[in-house]
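Order-wise, the sequence lines are chains H and U.
Counting in my numbering, the first sequence runs from 1 upward without gaps.
Counting in my numbering, the second sequence runs from 1 upward without gaps.
No lab work stands behind these hints, which were simulated from the structure alone.
Some hints here could point you the wrong way.
To be verified - Where chain U lies over chain H, by a calculated footprint (3+ residues, C-beta under 8 Å):
no., region
1, 46-53
2, 74-80
3, 98-109
Claimed, not checked - Here are the simulated lysine-lysine pairs, PhoX-like style, with alpha carbons at most 25 Å apart:
no., chain 1, residue 1, chain 2, residue 2
4, U, K44, H, K132
5, H, K87, H, K121
6, U, K70, H, K145
7, U, K112, H, K94
8, H, K132, U, K116
9, U, K112, H, K99
10, H, K109, U, K44
11, U, K116, H, K99
12, U, K44, H, K100
13, H, K69, U, K119
14, H, K132, U, K119
15, U, K119, H, K94
16, H, K137, H, K121
17, U, K61, H, K86
18, U, K116, H, K96
19, H, K144, H, K121
20, H, K96, U, K112
21, H, K86, U, K44
22, H, K100, U, K61
23, U, K116, H, K100
24, U, K70, H, K144
25, U, K61, H, K94
26, H, K142, U, K70
27, H, K121, U, K70
28, U, K61, H, K99
29, H, K87, U, K44
Said to hold, decoys possible - Here chain H is said to cover these stretches of chain U; the calculated rule only asks that three of the stretch's residues, wherever they fall, bring their Cβ under 8 Å from a Cβ of chain H:
no., region
30, 27-35
31, 40-48
32, 71-77
Cβ atoms here follow ideal geometry from the backbone N, Cα and C, with glycine treated the same way.
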Amino acid sequence: MALVRWYDRDLEPVGTFDWLQRQINELFDFPRFPESQGLFDRRVSPAIDVVEHADRFTVECDLPGIDQKDIDISIASGVLTIRGEKKTEKKSEKSKVYKKETWEGSFQKTVSLPTGVDADKVEATFTDGVLKITLPKREEAKTKKIELKAK
Amino acid sequence: MAKDVEIRKQREKEQVQFIRPFCFICEEEAGVITLKLEMPGVNKDQLDIDVDGNELHVTGKRAGSGSEGKYLIRERRLGTYHQAYTLDETIDRSRIEASLDGGVLTLNLHRKESEKPRKISIKSG
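Using the sequences and the hints given, assemble the complete structure.
And the structure:
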């Protein structure tokens, strides 16, 4: 019987360093938006976009699976509050859950509005699980173009 | 070795362009698997559900992506939703029901009749 030197790829020193180097190089290679885990998880407080246009602000909020009648929007002293509850239908006791990434229950999101919003003319629509609130600016807050007069 | 790292990075880049919808998978009644995917902003015309062999692909395009204004807060991800699932042998490919309501896609996957649990009664001799 020939004696063969024992060799383990995993314990081979050069390979181990290669592996370690790869691990360190890939340490920060995660996608810029973590999908469902971590500190910045925004599932419980729904994600919101606030966009400023020349004459209005728009607020868009993702609220999938929520009934329109369960959403409550209010504006008080320059703070917009979106409040609501996500209800799920009752499940039978026999039901087996395999994976759950969604949430249910009540939520609240508040946004301080910039000055100059006309609170009386606010409109909101809800389509395909996206809430869109249009907040028109007051006349004096709108961007005005100043024409230069030629002498 | 450098080549697989490149391939892996490329694949990651391609995946980043897609948004993975949040899912809820349960079996409420025996034999029917309910798969719910949250895809806000997707309407019926922009949703594609394909069964390709053993793979179920769901792709949904969001209507109206991005505004031209100045973003004061930006938390939502706009783009295309995509998720793929592997179906096992027990799922009946011809009985997949889908409905979309309020940004939530519900898929009902039925198990094949032959795979459903059944009781075997003992005949009295």
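Now the hints, each set against the structure:
Closer than 8 Å: that is the beta-carbon criterion, and the region 46-53 of chain H has 7 residues meeting it against chain U, so the requirement of 3 holds. Coverage of a stretch by a chain is defined here by at least three residues with a beta carbon nearer than 8 Å to that chain's beta carbons; for the region 74-80 of chain H and chain U the count is 0, and the condition is violated. Counting residues of the region 98-109 of chain H whose CB falls under 8 Å from any CB of chain U gives 5; the rule of at least 3 is met. Between K44 (chain U) and K132 (chain H) the alpha-carbon distance is near 19 Å, which keeps this suggested pair within the 25 Å criterion.
At roughly 30 Å between alpha-carbon atoms, K87 (chain H) and K121 (chain H) are farther apart than 25 Å, so this suggested pair is violated. For a cut-off of 25 Å, the pair hint linking K70 (chain U) to K145 (chain H) stands: about 18 Å separates their Cα positions. This hinted pair checks out: K112 (chain U) and K94 (chain H) have alpha carbons roughly 20 Å apart, not beyond 25 Å. Distance restraint check for K132 (chain H) and K116 (chain U): the Cα-Cα separation of roughly 45 Å exceeds the 25 Å cut-off, and the hinted pair is therefore not satisfied.
Under the criterion of a C-alpha separation no larger than 25 Å, the hint pairing K112 (chain U) with K99 (chain H) is consistent with the structure, at around 21 Å. Under the criterion of a C-alpha separation no larger than 25 Å, the hint pairing K109 (chain H) with K44 (chain U) is inconsistent with the structure, at around 28 Å. This hinted pair checks out: K116 (chain U) and K99 (chain H) have alpha carbons roughly 21 Å apart, not beyond 25 Å. Among the hinted pairs, K44 (chain U) with K100 (chain H) is consistent with the structure: their alpha-carbon atoms are about 24 Å apart, no more than 25 Å.
Proximity of K69 (chain H) to K119 (chain U) is assessed by CA-CA distance (about 44 Å); at most 25 Å being required, the pair is judged violated. For the proposed pair K132 (chain H) and K119 (chain U), the alpha carbon gap of about 52 Å is over 25 Å, so the pair is violated. A C-alpha spacing of about 17 Å is found between K119 (chain U) and K94 (chain H), which places the hinted pair at or below 25 Å, so the restraint holds. As the CA atoms of K137 (chain H) and K121 (chain H) are separated by approximately 9 Å, the hinted pair is consistent with the 25 Å bound.
The hinted pair formed by K61 (chain U) and K86 (chain H) meets the criterion: a straight-line CA distance of about 24 Å does not exceed 25 Å. At most 25 Å may separate the alpha-carbon atoms for a hinted pair to count; K116 (chain U) and K96 (chain H) meet this at roughly 15 Å. Of the supplied pair hints, the one linking K144 (chain H) and K121 (chain H) holds, its CA atoms being roughly 20 Å apart against a limit of 25 Å. Proximity of K96 (chain H) to K112 (chain U) is assessed by CA-CA distance (about 18 Å); at most 25 Å being required, the pair is judged to hold.
Taking the CA atoms of K86 (chain H) and K44 (chain U), the gap is near 22 Å; set against the 25 Å cutoff, the hint holds. About 23 Å separates the Cα atoms of K100 (chain H) and K61 (chain U), which keeps this hinted pair within 25 Å; it holds. Simply put, K116 (chain U) and K100 (chain H) have alpha-carbon atoms about 24 Å apart, close enough for the 25 Å limit, and the pair holds. With a C-alpha separation of about 16 Å, the suggested pair K70 (chain U) and K144 (chain H) falls inside the 25 Å cut-off, and the hint holds.
For the given pair, K61 (chain U) sits about 35 Å from K94 (chain H) by alpha-carbon distance, which is inconsistent with the 25 Å threshold. Between K142 (chain H) and K70 (chain U) the alpha-carbon distance is near 14 Å, which keeps this suggested pair within the 25 Å criterion. Our distance criterion of 25 Å between C-alpha atoms is met by K121 (chain H) and K70 (chain U), whose separation comes to about 21 Å. Between the alpha carbons of K61 (chain U) and K99 (chain H) the distance comes to roughly 24 Å, so the proposed pair stays at or under 25 Å and holds.
Restraint check: the Cα-Cα separation between K87 (chain H) and K44 (chain U) comes to about 23 Å, which is no more than 25 Å; the hinted pair holds. A stretch counts as covered by a chain when three or more of its residues have a beta carbon under 8 Å from one of that chain; for the region 27-35 of chain U and chain H the count is 5, and the coverage holds. For the region 40-48 of chain U, the proposed coverage by chain H is satisfied: 4 residues have a C-beta within less than 8 Å of a C-beta in that chain, meeting the threshold of three. Counting residues of the region 71-77 of chain U whose CB lies closer than 8 Å to any CB of chain H gives 7, which reaches the minimum of 3, so the coverage claim holds.
Hint check: violations occur at hints 2, 5, 8, 10, 13, 14 and 25; the rest are consistent with the structure.
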